[in-house]
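Asks: Okay, here's what each chain looks like letter by letter:
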Amino acid sequence: MSKLTLFRMSGLVINRELTLAMRRRADVLTTLIFFVMVVSLFPLAIGSELDILRKIAPGVVWVAALLASMLSLGRMFSADYLDGTLEQMMLVPQSLSMLVLSKIIAHWMMSGLPLVLIAPVLGLQFDMSAGALLVLIAALLLGTPVLSMIGAVGAALTLGLRGGGVLVSLLVLPLCIPVLIFGTGAVDAVTSGMSAAANLSLLGAFLLVSLLFTPWIAAQALRISME
Amino acid sequence: MAINWFKYAAPSTFYGLAGKLIPWLAWPAAILFCAGMYIGFFVAPTDAVQSEAYRIIFIHVPASILSMFVYLIMAGYAALGLIFNTRLSSMMASALAPTGALFAFISLWTGALWGKPMWGAWWVWDARLTSELILLFLYLGFISLHASIEDPRRADRASALLAIVGSVNVPIIYFSVKWWNTLHQGSTVKLSGTSMHIAMQHAMFTMLAAMWLYVIAISLARVRSIILERERSTQWVAELAEVKQ
Chain B
1 MSKLTLFRMS
11 GLVINRELTL
21 AMRRRADVLT
31 TLIFFVMVVS
41 LFPLAIGSEL
51 DILRKIAPGV
61 VWVAALLASM
71 LSLGRMFSAD
81 YLDGTLEQMM
91 LVPQSLSMLV
101 LSKIIAHWMM
111 SGLPLVLIAP
121 VLGLQFDMSA
131 GALLVLIAAL
141 LLGTPVLSMI
151 GAVGAALTLG
161 LRGGGVLVSL
171 LVLPLCIPVL
181 IFGTGAVDAV
191 TSGMSAAANL
201 SLLGAFLLVS
211 LLFTPWIAAQ
221 ALRISME
Chain V
1 MAINWFKYAA
11 PSTFYGLAGK
21 LIPWLAWPAA
31 ILFCAGMYIG
41 FFVAPTDAVQ
51 SEAYRIIFIH
61 VPASILSMFV
71 YLIMAGYAAL
81 GLIFNTRLSS
91 MMASALAPTG
101 ALFAFISLWT
111 GALWGKPMWG
121 AWWVWDARLT
131 SELILLFLYL
141 GFISLHASIE
151 DPRRADRASA
161 LLAIVGSVNV
171 PIIYFSVKWW
181 NTLHQGSTVK
191 LSGTSMHIAM
201 QHAMFTMLAA
211 MWLYVIAISL
221 ARVRSIILER
231 ERSTQWVAEL
241 AEVKQ
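First to last, the sequence lines map onto chains B and V. Going by my numbering, the residue at position 49 of the first sequence is 49; the numbering climbs one at a time, nothing skipped. Going by my numbering, the residue at position 144 of the second sequence is 144; the numbering climbs one at a time, nothing skipped.
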């Protein structure tokens, strides 16, 4: 039997998560529909003046993305926890952090990436310019993985708790505020004629820092929750 | 003679020590509080710009300082508990959390009371206000995570991890809110003059000392309750004079 390398394991886990998700497409779709709905509610509530809509568009999209990513966090570990798979995964000799990272990547591909892809359409509803849309997508591409990663820590900490869904939002949302600020800031910078480079660089920095630390922290949290 | 530095790391010995310390902290806290209030209200002069309304800073500033300090101390205790597996450190962390949240709330509330006459608004999306609000959220997250896990060991460790992540995030949040604020609008808040009257300084530092002592006293009192609750099935608790009655 060949030895399971780290990257091969990572590939296997991602593959497994995606297969599972494809068997239950409704889960992925509900998150996406929720995102579209929340964004569509704002013009109804605030009014349809294009000037206002253009101004609030990045904020609305980001807040909706934040809420939508909270919605799917519960699923990151709980199904595997309930049927005992997670326990078996933790016995694997390979690094648990890497395993968690693979799960995070898979989670992002199913909850973050669809939001990024649909966001331009929603942006058009808010009459955003092409340049602003491009920056919005770039910011979302950099920022939504961070949401998944911070969310993984929260999901691991609240594993198996009653009312874990609400609790995880309570824990994770304050920690996501910097991403929200710079994500919307990037678009605001472009619409007001400045360069979005500073905001995007900071988002990239958040991405790198969380890539480095959050899988390990989430792995520790899983160990705490599973003992 | 060898000193056992870790003698008071055990809840059973610390319980007695904390009980003895509390009066020595609580009474000075009360006296300093009264003294600080007296200086603040009767000795300190009326401010040239803000007239009488400025006097709320004697509560507001110490409360804000402490709300931030207490979070760091709490995270420090939580980290100690997580790393060295000391029960008492985790208990101290959970004893400090409600006090920290209270101070964050007082700081926001008094800030709003001061903001209304000064800025004409109860709330301004200033960097400092916003980050204080987020700090309150972090406290509430810590408390509710701890409360929703039934096994106390797991609760301690999980919330410790959250507190550590939170304390790393606090500066990031602070600076991001600050930059966000400067990006959107010029700072609306400027403290009127940095040269404070000496009596104002006295009042503020007296109040700060009083609140520090209060924090230590109240968290010791709370940790005593936590110790009793967690160790209720042990022999030494059963032998305590106050339990036997």
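No lab work stands behind these hints, which were simulated from the structure alone. One or more of the hints may lead you astray.
Taking CB as the label site, the calculated pair distances span [as the list claims (entries may be wrong)]:
hint : chain 1 : residue 1 : chain 2 : residue 2 : range
1    : B       : R162      : V       : K116      : 38 to 44 Å
2    : V       : F205      : B       : K55       : 24 to 30 Å
3    : B       : R24       : V       : P171      : 49 to 55 Å
4    : V       : F84       : B       : E87       : 57 to 63 Å
5    : B       : G11       : V       : L21       : 53 to 59 Å
Using N, Cα and C, we set each Cβ at its ideal position, and we do this for glycine too.
Asks: Now tell me, hint by hint, if it's right for this structure.
Replies: Consistency of the hints with the structure:
no.	hint	result
1	B/R162 - V/K116: 38 to 44 Å	holds (41 Å)
2	V/F205 - B/K55: 24 to 30 Å	violated (45 Å)
3	B/R24 - V/P171: 49 to 55 Å	violated (40 Å)
4	V/F84 - B/E87: 57 to 63 Å	violated (27 Å)
5	B/G11 - V/L21: 53 to 59 Å	holds (58 Å)
When the structure is compared with the earlier hints, violations turn up for hints 2, 3 and 4 and for no others.
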